[in-house]
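Chain A is already provided as a structure; the job is to place chains B and C on it using the hints.
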Amino acid sequence: MSAAAPVVELKQITKRFPGIVANDSISLTLNKGEILALLGENGAGKSTLMNIVFGLYQPDEGSIEINGKPVIIDSPNKAIELGIGMVHQHFKLVEPFTVTENIVLGMEPKKGVKIDYKSAAEQVRKLSEQYGLQVNPNARIHDISVGMQQRVEIMKTLYRGADILIFDEPTAVLTPQEITELMAIMKRLVAEGKSIILITHKLKEIMEISDRVTIIRRGKVIDTVQTAGTNPNELAEKMVGRGVTFKVDKQAPQVRETVLKLNNVNSKSKEGVNLLNGLSFEVKAGEILGIAGVDGNGQSELIQAITGLRKIDSGSITVSGHEIANLPPRKISELNVSHIPEDRHKHGLVLDFSVSENMVLETYYKKPYTKNGFLQREVIDRYAEKMVAAFDVRTPSIENKARSLSGGNQQKAIIAREIDKDPVLLIAAQPTRGLDVGAIEFVQKQLIAQRDQGKAVLLISFELDEIMNVSDRIAVIYEGQIVGEVYPQDTNDQELGLMMAGSLKRGGNAGA
Amino acid sequence: MKKVYKLSLVMMLVFTVILAGCGNNNNTANSGNNATEGSNAGTATNAPATETPAEAPKSDVKVGLVTDVGGVNDKSFNQSAWEALEALNTESGVEIKYLQSKSNADYVPNLNQFVKGGYDLTWGIGFDLGDALKEVALANPDAKLAIIDSVVDAPNVESVTFAENEGSFLVGVVAGLTTKTNKVGFIGGMDSPVIKRFEVGFKAGVEAVNPNAEVTIMYAGAYDKPDTGKSMAATLYNAGNDIIFPAAGATGNGVFNEAKSRNDAGGTKVWVIGVDKDQSLEFGDDVTLTSMIKRVDEAVKKVSQQVVDGTFEGGKTTVLSLKDNGVGLPETSKANVTEDILAKVEEYKQKIISGEITVPSE
Amino acid sequence: MHRLKKIFATDSYIVPIVAVIMGFIVGAIVMLIGGYDPIAAYSSLFQRVFGSSYDFGEAIREMTPLMFTGLAVAFAFRSGMFNIGADGQVLIGMTAASLVGIKLSGMPTYLLVPLAVIAAGLAGGLWAGFAGYLKAKRGINEVITTIMLNWIALYLSNYIVKNFLLLEGQNRSVDNPASMSMTFLASAFDNARIHWGTVLALAAATFFYLYLWKTKQGYEMRAVGFNPHAAEYAGMNVGRNVVKAMFISGVFAGLAGAGEVLGVFHYQSIFAASPGYGFDGIAVALLGLTHPFGVILAAILYGMLTYGSAGMSFGADVPPELIRIVIGSIIFFIAAQGIVRWVLKPFYFKRKKEKVS
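Chains as they are written, first to last, in numbering that gives the first Met the number 0: chain A, 0 to 511; chain B, 0 to 361; chain C, 0 to 356.
For reference, chain A alone in the conformation it holds in the complex (with noise of 0.2 Å):
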């Protein structure tokens, strides 16, 4: 092998769990100075081919060379030792160190016995300099932006001498104007001869950023293409197994009776700032409204509000005429109000239960779930298989832990549940968050099926292809106040942007 060696082969790579082959005779190559894309959904298998590669696992079958050499990776340490870095997607960070600390850890410059954090400052700031990584090097963890926070875990990796970087799924916790940032870091580390591989469901960054993409489908290569030679249509087939309709196929809505009425809702935080300020808005049964805004602008506290999770101070929030303000969830939810929480590894799933204890989480008091205060497994078991065939949700068996299943069907097991309850209001918060496209597309169906079906449909989301494809009526909020709504026929990106950013209202009742 000559210069032309890749700088990563992976040779037949085969790894087994018990009940499923995660990854079958997996080949890729990666050469010097590209960024290599690998695409699949969740539970492809692409997490478990990268934790091979940083040494996490260990391949039940195939070799893998670096530099035309092969290496057995059997430690992250060995990994590192390999040149190979690896950004998470849940970063490992200590909160309470400062940027450098957390940078040198395990590697520090030591002065005698004391660390010598004056030269460690200093390399940081060289090698931030170097990849254009702009980072305050004495600033704490927990006070820096999730976008920082990733630059940290980046520098990690590059000052432990890493040639070759994975990024997973990097792009899923950041901000648009973070997201752009990131690529053209990406592009300046490959400009200083790194290579990469990009793990991602993103079909629009991988179009934007990478040379090749490498398509995983079930544990299996479909195929490795050139980027310019492709399109997002043809990639998300291949990642899908089937054709992918981007634009969301909807009728026009049977719009009727209002369901949920917010009328000038005000709740204060600890502190006594206006989380909540004069928030007044309709869903009514047959549409979906979505709620467009920027993160931070009082999303959770409203869906805190109407889910019962937090008191309000003052206003009215009816469900189908009942008041609800400040009744217990309970109370709530027994009135058929859904909910898909944004945060469904924190608030929608208990992910050390079986996938079976899970779809009752919110029934299981009810008949026939519970009889005599005991549990009836075998009817909740029943249930469970039930709910997992009709909405695939892909797990080995439903005893299985909750934490086992892949972001996507963690979510399909939570919709299945909401759903299934036949509510007459849906909140979904950020149901797509962090899914592929298949997920993705599968839960906007949902949701348009539910109108369909005469629910009245509340979506939370910080995309805005969500909520302008999705939604019969969009409403901005901005500082815990509806700042305009609008019809998504009648606008579009650009102004929603304004409205979302405050600096323009509009329409103040397009629903009414």
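Honestly, the hints are just simulated from the structure, not real lab data.
Be aware that a few hints might be false.
Stated by the list, open to error - Sample of chain A residues facing chain C (criterion: CB under 8 Å; computed from the structure):
| # | residue |
| --- | --- |
| 1 | SER332 |
| 2 | LEU334 |
| 3 | LYS345 |
| 4 | HIS346 |
| 5 | PRO367 |
| 6 | TYR382 |
| 7 | PHE441 |
| 8 | PHE461 |
Said to hold, decoys possible - Below, simulated EDC-like cross-link-like pairs (lysine to aspartate or glutamate); rule was C-alpha separation at most 20 Å, straight line:
| # | chain 1 | residue 1 | chain 2 | residue 2 |
| --- | --- | --- | --- | --- |
| 9 | B | LYS101 | C | GLU320 |
| 10 | A | LYS370 | A | ASP391 |
| 11 | C | LYS161 | B | GLU361 |
| 12 | C | LYS213 | A | GLU361 |
| 13 | C | LYS215 | A | ASP312 |
| 14 | A | LYS400 | A | ASP421 |
| 15 | B | LYS315 | B | GLU134 |
| 16 | B | LYS133 | C | GLU167 |
| 17 | B | LYS101 | B | ASP226 |
| 18 | C | LYS161 | B | ASP190 |
| 19 | B | LYS133 | C | ASP174 |
| 20 | B | LYS343 | B | ASP141 |
| 21 | A | LYS444 | A | ASP391 |
| 22 | A | LYS330 | C | ASP174 |
| 23 | B | LYS315 | B | GLU297 |
| 24 | C | LYS215 | A | GLU377 |
| 25 | B | LYS133 | C | GLU231 |
| 26 | A | LYS125 | A | ASP162 |
| 27 | A | LYS365 | C | GLU167 |
| 28 | C | LYS213 | A | ASP351 |
| 29 | C | LYS215 | A | GLU333 |
| 30 | B | LYS259 | B | GLU297 |
| 31 | C | LYS213 | A | ASP380 |
| 32 | A | LYS237 | A | ASP210 |
| 33 | B | LYS115 | B | ASP141 |
| 34 | A | LYS345 | C | GLU320 |
| 35 | A | LYS260 | A | ASP312 |
| 36 | C | LYS213 | A | GLU398 |
| 37 | A | LYS420 | C | GLU231 |
| 38 | A | LYS366 | A | ASP391 |
| 39 | C | LYS213 | A | GLU377 |
| 40 | B | LYS115 | C | GLU231 |
Predicted, not measured: the structure shown is a model, and the values here were computed from it.
The beta-carbon is built from N, C-alpha and C at its ideal position, and this holds for glycine as well.
This is chains B and C only, laid out in the frame that chain A set:
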């Protein structure tokens, strides 16, 4: 459910393996035991084995001793008792063994271990063992038992108590005459009749010679908490007391510790009065003013010897007082206590023995 | 705290077993260094436990409070709480049993005994429930409150015994006429202090299992224990579950107190220091992987070690401090799972890893 089943199965398996292993080992272990028994004097005790001559006198009498939670290294009371048995072992080859109790639930099984193991005499050391010893004595009328500091009414038990109030009176005299601040402290273990005798006697002694002196009484609530003793001592010394008399077993070690560090730091000279044993031997003359010796060792030795000689009667209560030299001050007191004061002590001692003074006991 | 939770929640039973074995080995090494014969020591340990019917009965007596306190700690743990206060709850249970047994001594036994036992359970439950209430309503960490309540329990119990129940001239209460002793077994066990508490402890373990895994309320408690946020979202009353879980945990501990007072001593001592049942209970819960049946097995092992330790000093002249090293090593190896895993790595770790994905 399946998991539980598997769990119990594996646990069972492990137990079986361990037990089987022990079963096999039992033979070798026993022979090992026999081998050690001959030279038991060396192993059972922490006494220097080399001093034991190979042809040590042999006796087939076995004496067992159950301590309270303090254990035989408490530098006081339990240790005195154990040292007496060690001496007996050297002198007449009596086989001896002790068991330390971890909690008061252990008293009965520990006593039973000796009684059922065929020991000729079983000692219970301490007031707290009274109930347990009585229970065991009544259930085993053929066994011989003895107890220190408590009166057990059973025909096969010999009880030994001490007139701690008399000895404490004398150290009270020393304290009353030595104090420069006119403030002295007392730290008791637990508020029990025995410790009460220390407290009352000490107070009476101080008052007899120095009516201006103030005696502060504190209770640590435990015999095995040197840390508590240390912090209580700090409180007392800070309040201006220059002499403390702890009657609290190992808790008192903390008092010595505190006094020592104060004297080393070079502040006002402070003193501790030792208890049960001559504690100046343990903690040194620079902090130990004198000690209120309680001849637990004498009592243990005497009663154990009766068993060796076959003169053990049982059902008796012996009260050891000043008259019997059961309590008193050690010779080493000379180091820190002036001639005059010692003369005064001697004077009071005679008065108590002659009955001229009756020291209160509660 | 989080680390501790992870240790507790592990579902591997191989680790504790290997930890036990490693503990024994470390103990043996320490004995060898000290010049003692470990084989003789261990065999005397087991001989002390199984050597006679009396000792066997006493060993059962030793295990019983450990079963209760182990269950108490494990139950709270399953509901997401760390009950450090089982010790205080035991004491309060003892005191309640003493008060009822002694003050209502006129009652017929068949009423008096159950009443005293119920009082003990209730008192322990309320004592722990109070810590739960402070957590639910005021957000005060239960670790802190239960530790503080331990001290309050110790001095309150001593105060009550001293002032209302004292036997003149002694450090203990007058005799308690309510007896849980199994007198009909007395001859079979050569007068060992066998009592009904043991049966009660086994029943408590069964209750623990059924309640937590088979009932609606247990489902709620486990949900709250795993993820209080999701439980709240799902409409469960987190605060009420916290109080309830602590109450039940305290009932277990309180029953341990009843067993000691009514079954073993038949009086209550004035305690110089905490008797330590609760702290041993933490070790037992840890060893039993917070599963009720695991806890019972762990209590049996722990009780055997504790009771058998006197055998070690009797039969092999090993000082009692040494058995503490053995027990300490076992706990250490369970807490430091990493070490055990490392030892097991060739056989085990690989498989464990694959379970994650």
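Each hint, compared with the structure:
| no. | hint | in the structure |
| --- | --- | --- |
| 1 | SER332 | 5 Å, holds |
| 2 | LEU334 | 11 Å, violated |
| 3 | LYS345 | 5 Å, holds |
| 4 | HIS346 | 5 Å, holds |
| 5 | PRO367 | 12 Å, violated |
| 6 | TYR382 | 14 Å, violated |
| 7 | PHE441 | 22 Å, violated |
| 8 | PHE461 | 20 Å, violated |
| 9 | B:LYS101 - C:GLU320 | 10 Å, holds |
| 10 | A:LYS370 - A:ASP391 | 29 Å, violated |
| 11 | C:LYS161 - B:GLU361 | 17 Å, holds |
| 12 | C:LYS213 - A:GLU361 | 17 Å, holds |
| 13 | C:LYS215 - A:ASP312 | 34 Å, violated |
| 14 | A:LYS400 - A:ASP421 | 25 Å, violated |
| 15 | B:LYS315 - B:GLU134 | 17 Å, holds |
| 16 | B:LYS133 - C:GLU167 | 17 Å, holds |
| 17 | B:LYS101 - B:ASP226 | 19 Å, holds |
| 18 | C:LYS161 - B:ASP190 | 10 Å, holds |
| 19 | B:LYS133 - C:ASP174 | 14 Å, holds |
| 20 | B:LYS343 - B:ASP141 | 49 Å, violated |
| 21 | A:LYS444 - A:ASP391 | 14 Å, holds |
| 22 | A:LYS330 - C:ASP174 | 54 Å, violated |
| 23 | B:LYS315 - B:GLU297 | 17 Å, holds |
| 24 | C:LYS215 - A:GLU377 | 14 Å, holds |
| 25 | B:LYS133 - C:GLU231 | 58 Å, violated |
| 26 | A:LYS125 - A:ASP162 | 17 Å, holds |
| 27 | A:LYS365 - C:GLU167 | 59 Å, violated |
| 28 | C:LYS213 - A:ASP351 | 17 Å, holds |
| 29 | C:LYS215 - A:GLU333 | 17 Å, holds |
| 30 | B:LYS259 - B:GLU297 | 30 Å, violated |
| 31 | C:LYS213 - A:ASP380 | 13 Å, holds |
| 32 | A:LYS237 - A:ASP210 | 17 Å, holds |
| 33 | B:LYS115 - B:ASP141 | 11 Å, holds |
| 34 | A:LYS345 - C:GLU320 | 47 Å, violated |
| 35 | A:LYS260 - A:ASP312 | 16 Å, holds |
| 36 | C:LYS213 - A:GLU398 | 15 Å, holds |
| 37 | A:LYS420 - C:GLU231 | 18 Å, holds |
| 38 | A:LYS366 - A:ASP391 | 25 Å, violated |
| 39 | C:LYS213 - A:GLU377 | 12 Å, holds |
| 40 | B:LYS115 - C:GLU231 | 60 Å, violated |
Checked against the numbered hints given earlier, this structure breaks hints 2, 5, 6, 7, 8, 10, 13, 14, 20, 22, 25, 27, 30, 34, 38 and 40; the rest are met.
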